[in-house]
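> Residue-level listing of the chains:
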Amino acid sequence: MDGFPILSLMMAVPMAGAIACLFAGANAARWIALGATLIDLALGILLWVSFDQSSGGAQWQFQEYYPIFGRFAWALGIDGIALMLIALTVFLMPICIGASWQAIEKRVGEYMAAFLFMEVLMIGVFAAQDLYLFYVMFEAGLIPMYLIIGIWGGADRIYASYKFFLYTLLGSVLMLIAMMWMVHEAGTTDIPTLMAYNFDPHVQTWLFLAFFASFAVKMPMWPVHTWLPDAHVQAPTAGSVILAGVLLKMGGYGFIRFSLPMFPEASSQLAWLIWGLSMVAVVYTSLVALVQSDMKKLIAYSSVAHMAIVTVGLFAFNQAGIEGAMMVMLGHGLVSGALFLCVGVIYDRLHTREISRYGGLAINMPKYAVLFLLFTMASVGLPGTSNFVGEFLSLMGIYQASSWVALVCTTGIILGAAYMLYLYRRIAYGEQKNADAAAMPDLSMREVWLLAPIAAAVLWMGVYPESFLAPMRPDIRALEARLAPAAPAGDSKIKMGAPRPAGDAHHEEVSAHGEAH
Amino acid sequence: MIQLIVLLPLLAAAIAGLGNKALGKLPAKIVTTGALFASCAMSWPIFISFLTGHAEATVAPLFTWIESGSFDAQWALRVDTMTAVMLVVITSVSSLVHLYSWGYMEEEPDQPRFFAYLSLFTFAMLMLVTANNLLQMFFGWEGVGLASYLLIGFWFRKPSANAAAIKAFVVNRVGDLGFMMGIFGTYLVFNTISIPEILEAAPSMAGSTIGFLGHRFDTMTVLCLLLFVGAMGKSAQLGLHTWLPDAMEGPTPVSALIHAATMVTAGVFMVCRLSPMFETSPTALGFVTFIGAATCLFAATVGTVQNDIKRVIAYSTCSQLGYMFFAAGVGAYGAAMFHLFTHAFFKALLFLGAGSVIHAMHHEQDMRYYGGLRKEIPITFWTMTLGTLAITGVGLPLIGYGFAGFYSKDGILEAAFASGGSGVGAYYVGVFAALLTSFYSWRLVFLTFFGKPRWAASEHIQHALHDAHGHGHDDHATHGHGSEHDNAPAQEDAGHEPHGHEADAHALPAGTGGYHPHESPWVMLVPLVVLSLGAVFAGFLFHDQFIGPEGGIEFWKGSLAFDSHLMHAAHEVPTWVKFGPFTVMLTGLLIAWLSYIKNTDWPRRFVSQFGALYQFLLNKWYFDELYNVLFVKPAFAIGRFFWKFGDIGFIDRFGPNGLAALVVQGGKVTRRLQSGYLYTYALVMLIGLAAAATWAMTR
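Chains as they are written, first to last, in UniProt numbering: chain A, 1 to 517; chain B, 1 to 699.
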């Protein structure tokens, strides 16, 4: 693969597809989009296979560099972390196109173009090695999303996009200012160089907060999460899938690529802020999810709770926590995407997101019920599914740093079970109360083909997560080493006691028994 | 070998579950039941080789699961004595339950799904007991939880079944919170989650302290208590027990397999598996003893007044689990495992027997509508009687023969007494609970099989009489799978909520109403007969290996912390201690006989005399009501509050909406935004970029 610009090619294919879609008829556009995303999927597999994941391998691979002007350059390159997120993106894209096959009827060419353009930008975000290039990709990625919500969205789409806009604007301006200062200070826009640059700890705090403003909104973290439920509710199914599946991961990626390695001291000092917000988010949004009557809102709120597990994992400052956070991101990308697809399946049939309009679907849609159950259980974090691996590692990581945070965040497993099973019960179980819901046909072949690959990936990730952990391991180890000097001391470290006090006779006796056997 | 034992049920579950309708009922049943009998046939030789002392502990590695830094969890199958015991319990009961379900679920249209769930459960349970590290144990732990959820809610049209399924899952999750925190803490302390390595290192940690929630505590106490919270959830111990009685919503074979013989004993298994760890913390052991004894007593008291035959047995299970826990708490792990072993046989027998009664009585579960069934269903009657003899611990002290429960329960009580300290208290509690056990068990037998028939008043019986074979009453199932099926089982196992009216069954009008109960088919009777063999002989045959002072050491081979001294002491307790359980067993039988056969108005007089006590017991000490007020309702109320006043009323109002109001006046908002928001945004971004680029170039 030496010298072959595969990353540029992966961006060029959907770009060309997007342009072609703009001038094609509806049906042609669908096939072009599907073809382009499938080619990208193939390229993504090629990328993964040829990625050198041995611990001795170079951290940055497939690097490309073409200066544009000044310091601004078309600099691409990936490490294991970016590789996994790109893989997630190219895996979900064909599924999104498939999900829009029949649901989108107006302005199909433009819709497909927007999606393909978004794929370009998402790959760009994860592959960018130039600070400004990252910024452009990061912010521009929202434009196609706006269009998708604003044009093909639901009734209240304007308000949703407006909220999204308002939140994001503030964050992105602050981040841009911080970036300019950093480039000025360090004299380079090269991200790998900046990741090793030691900024003055006092300035770090400000820089951290500026980046935090942007990433926290993207994550989204409590209390800047309220755009997400609205955006999800209004977005078409595929839009929700890509929003939950990939766009939310940009915030986490931002933390892991910028905040942590570039500002380790500030990250450590402000860890309490992240922990606090995450703890609130887990409990607060889980409880809010419990009382939702709109399916998409419920899943959107659950996303906020899951993303809080990502942030505590990242700010655990250890390998388990960060690897766990990455696994939650990947697992959540698949599972919440699949859940939105599941919602889309029945929305397409009945055109309502009201939970109470459904019921008893396990009777007339058994295949659907099985797949929906699988994704529900994955969302709940059942061992053997993708989300468990990530949640477990994140929470174990944060336990090393703070048992309080771990305890509060682990309550998420109880609340998560409560709201997801309650949702599942109301949709799939019970009697068939509504005649129209009871008449809905089971999954079509197309829908099975959308959900089955995700189901397989969810189980694979749950049973043999090593495939996903191995490529990231050297990078996360390097990140841990970078963070180690600043990492906060854990509150739960063990302290060896003096040899047992003489008065503790029972104790002596018990262990004497133990040795006797 | 062990790979086959564990994976065959998974394979069978996948075939039956994914094949489902396409595969058909019979192939699904043959595949799953065949796989289980094969597993069972392979498990017994392993157990026997441990029994005769010819086998050593082995670990069969499969592949890596999760690796992260020094954290290393492998998929592996461990076989040692404890596993071998569990293997025979699980595969034997499971294969018999599979067979039994051929008859019990015969009218059910959705059989492949049922059998797939059963086999899936068995797989998960086998993964749990073969775990070599805490995480795989947790995998099995959650896997059985999933299967339990699916099976409790098997008749998913019924709201009560769905509610019970969710309750079981969520309450178990509360326990899992403890289990997970325990795993986190264990990894922090020992830097490994491999069970043998933890157990080896545990004694050296005694006396150390660990920070937890801002305070410092004794390390091993914190870890053991956290893990024990998990065990409390799974094994339905006091406080986290509320899901078990409701779980009776599931089909009766499920109750026998999951909620009596296997899954609910997982907590006991865990404590015994980690016994060298628990041995390092007297505080934790004291807590285990206390919870065990308290549950034992609590559940037995509630069991005495329930009218639903399955609920009586459910509370009985809860109570017997309490025995196992306090046995573990006083250090008699061998006795705990022995009671687990014998209990699996006689409790599965009682449940399947109850299922046979329910089957004969056309899905009536209320014992007040039973009576006089001994001549109608004789095999069920005799096998259930054997089960009752086993659970009440009939046997002659000092002579050397008794039914299964005689050896295991008396073994626990004697060990508790011999251990001194809090164990003596547990002994008295246990003896009193044994009195109640004897009472409620015989009450069940007398109400069901003796006296005059009281069937006529039962709605289910009326139902059966009015539409001869139950084919006419298919009120749902107009969609989907065919309406020619009889959905009768979906209406059964409903469980009767306490009606509030008095307990006296004999106040109801007598008479058969012209109904003729039929003995169950042979597929249901064979498991009953086989399990009665277990109830009769399991104690007699195996007590020396499980709890014998010398035999135990050779049998357990260090797979649990077997305390030979304690077992010696247990054999040498005063004679009155040995006769205590025997005496109360007879007393309970006598009271039950007097109240339900001799003087059938005694229960009514008891109720009118002690109405408050009766209500308290009938309503299960009001735990459900309490939890509803404390947790369930507040969760919804707080959730609504956060949503309406937090998100909408505060964040949105002062956030985006407030900003909008500030920036643009009133009605212009929408229009302005509609036309301009996207371009404004793009413009801001472009300006920013231009500024950045300019700066970068001109600097």
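Just so you know, the hints here were simulated from the structure itself, not pulled from any lab data. The beta-carbon is built from N, C-alpha and C at its ideal position, and this holds for glycine as well. Check the hints yourself; a few may be wrong.
Stated by the list, open to error - Derived Cβ-Cβ restraints for the label pairs, each shown as a range:
{"#": "1", "chain 1": "B", "residue 1": "R216", "chain 2": "A", "residue 2": "R482", "range": "45 to 51 Å"}
{"#": "2", "chain 1": "B", "residue 1": "E459", "chain 2": "A", "residue 2": "D156", "range": "47 to 53 Å"}
{"#": "3", "chain 1": "A", "residue 1": "A435", "chain 2": "B", "residue 2": "P45", "range": "53 to 59 Å"}
{"#": "4", "chain 1": "A", "residue 1": "H184", "chain 2": "B", "residue 2": "F631", "range": "38 to 44 Å"}
{"#": "5", "chain 1": "A", "residue 1": "I45", "chain 2": "B", "residue 2": "L18", "range": "25 to 31 Å"}
{"#": "6", "chain 1": "A", "residue 1": "I151", "chain 2": "B", "residue 2": "R216", "range": "56 to 62 Å"}
{"#": "7", "chain 1": "A", "residue 1": "Q59", "chain 2": "B", "residue 2": "F631", "range": "45 to 51 Å"}
{"#": "8", "chain 1": "B", "residue 1": "G658", "chain 2": "A", "residue 2": "I45", "range": "46 to 52 Å"}
{"#": "9", "chain 1": "A", "residue 1": "V448", "chain 2": "B", "residue 2": "G214", "range": "48 to 54 Å"}
> Determine for every hint whether it applies to the structure shown.
Hint check results:
{"no.": "1", "hint": "B/R216 with A/R482: 45 to 51 Å", "in the structure": "violated (31 Å)"}
{"no.": "2", "hint": "B/E459 with A/D156: 47 to 53 Å", "in the structure": "holds (50 Å)"}
{"no.": "3", "hint": "A/A435 with B/P45: 53 to 59 Å", "in the structure": "holds (57 Å)"}
{"no.": "4", "hint": "A/H184 with B/F631: 38 to 44 Å", "in the structure": "violated (55 Å)"}
{"no.": "5", "hint": "A/I45 with B/L18: 25 to 31 Å", "in the structure": "holds (26 Å)"}
{"no.": "6", "hint": "A/I151 with B/R216: 56 to 62 Å", "in the structure": "holds (59 Å)"}
{"no.": "7", "hint": "A/Q59 with B/F631: 45 to 51 Å", "in the structure": "holds (48 Å)"}
{"no.": "8", "hint": "B/G658 with A/I45: 46 to 52 Å", "in the structure": "holds (48 Å)"}
{"no.": "9", "hint": "A/V448 with B/G214: 48 to 54 Å", "in the structure": "holds (51 Å)"}
The structure shown violates the earlier hints numbered 1, 4.
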